[in-house]
Amino acid sequence: MESALAPLDCLLPAAALRACADGGANRLYHVTEGSQDSFLPDYISGDFDSIQPEVKEYYKVKGCELIETMDQDLTDFTKCLQILQKKIEKKGLQVDVIVTLGGLEGRFDHIMASVNTLFHATKIMPLPVIVIQECSLIYLLQPGKHKLHVDTGLEGDWCGLIPVGNPCESVTTTGLKWNLTNQMLKFGTLVSTSNTYDNSGIVTIETDKPLLWTMSIKI
Amino acid sequence: MEQVDVIVTLGGLEGRFDHIMASVNTLFHATKIMPLPVIVIQECSLIYLLQPGKHKLHVDTGLEGDWCGLIPVGNPCESVTTTGLKWNLTNQMLKFGTLVSTSNTYDNSGIVTIETDKPLLWTMSIKI
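Chains as they are written, first to last, in my numbering: chain A, 1 to 219; chain B, 1001 to 1128.
Please note that a few of the clues may not be correct.
Listed next, the stretches of chain A that the computed footprint assigns to chain B, with coverage defined by at least 3 CB atoms under 8 angstroms from CB atoms of chain B [what the hints assert, rightly or not]:
| # | segment |
| --- | --- |
| 1 | 105 to 113 |
| 2 | 159 to 166 |
| 3 | 181 to 188 |
With a Cα cut of at most 30 angstroms, we get these calculated DSS-like pairs of lysine-lysine [stated by the list, open to error]:
| # | chain 1 | residue 1 | chain 2 | residue 2 |
| --- | --- | --- | --- | --- |
| 4 | A | 209 | B | 1127 |
| 5 | B | 1056 | A | 186 |
| 6 | B | 1127 | B | 1054 |
| 7 | A | 145 | B | 1095 |
| 8 | A | 177 | B | 1032 |
| 9 | A | 177 | A | 218 |
| 10 | B | 1056 | B | 1127 |
| 11 | A | 123 | B | 1054 |
| 12 | A | 123 | B | 1127 |
| 13 | A | 209 | A | 145 |
| 14 | A | 86 | A | 62 |
| 15 | A | 91 | A | 60 |
| 16 | A | 209 | B | 1056 |
| 17 | B | 1118 | B | 1056 |
| 18 | A | 87 | A | 56 |
| 19 | B | 1032 | A | 123 |
| 20 | B | 1118 | A | 209 |
| 21 | B | 1054 | A | 177 |
| 22 | B | 1086 | A | 56 |
| 23 | B | 1056 | B | 1095 |
| 24 | A | 62 | A | 87 |
| 25 | B | 1032 | B | 1056 |
| 26 | B | 1095 | A | 209 |
| 27 | B | 1118 | B | 1032 |
| 28 | A | 147 | B | 1032 |
| 29 | B | 1095 | A | 87 |
| 30 | B | 1054 | A | 186 |
| 31 | A | 209 | A | 177 |
| 32 | A | 147 | A | 177 |
| 33 | A | 177 | A | 145 |
| 34 | A | 60 | A | 86 |
| 35 | A | 86 | A | 56 |
| 36 | A | 209 | A | 147 |
| 37 | B | 1095 | A | 186 |
| 38 | A | 87 | A | 123 |
| 39 | A | 123 | A | 90 |
| 40 | B | 1054 | A | 86 |
Since the hints were made in silico from the structure, they are not lab data.
Because the structure is a prediction, the values reported are computed rather than measured.
The C-beta atom is built at its ideal place from N, Cα and C for all residues, glycine as well.
Please take these sequences and the hints and turn them into a complete structure.
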């Protein structure tokens, strides 16, 4: 699946809706250089303090909707999800998952803001939201039981469970090389990183509090 | 006996997401390992774990970049109060899903004070 445009080239054609959050449009424009026409977003939202003027103009001319959002208490990414949810409802779209490309590298405060948006997302939309950059993927598990199929062939060789916003008093897993049984996960006590899989092809995770799942993927 | 003021760690804040989180976790462990402050720097990002209590940061060295933040990694902070930031906090709760201070910056005082009831991760940009 290797290509200079991975994973855009396989995700975008299948997407029901495509959106950029402000400066994300710069990245899209430059990564798709020479074939921007084939990778147009449906809309670009944000306070437009990061998008380059020529990029904004290009997508505007191509018919992409530009939606200005001035709320300074929320990030452009969070506001973009709010708009996405409204459009999904309005158009009655069948959507399985929101895939976010980017947000896990560069400025450390931006990486943490991406994680924070996953917490906000649970109040914004009922759909799962995942964030992917390079070979890293993150997904916020809500309290309860989860079953992940990890035998698609797209899994890399590491995974982890990160109690980012709060300690988790009791976490139980199966399918990992180092499983947990009613274990507390807490920064300064135990955080599961550099974990990997057993050969079962399925990982189950039961948690009493929100818990961030992270894994490597092959794109 | 050497006098040491600070441990500076280069690297650990980019690449594999689990490794980035492991770097942050090490800052929590570090408080039990050594009495010295440990900071982590990569590219233009710096992180430092503030223990409960009052802190005063001199941000007029000329090496500061233009953003900073306060991240309640690992636990919510019930009450955080700051001065010296563009968007200050007064007895504010910081918690993922409620409020996390990112893309903050400085006022012109050159000093930032932070009072927190729980461990709180300070992050800022630096010019290297």
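Return the numbers of the hints above that this structure violates; sort them in rising order. The structure breaks hints 4, 11, 12, 16, 19, 21, 28, 40; every other hint is satisfied.
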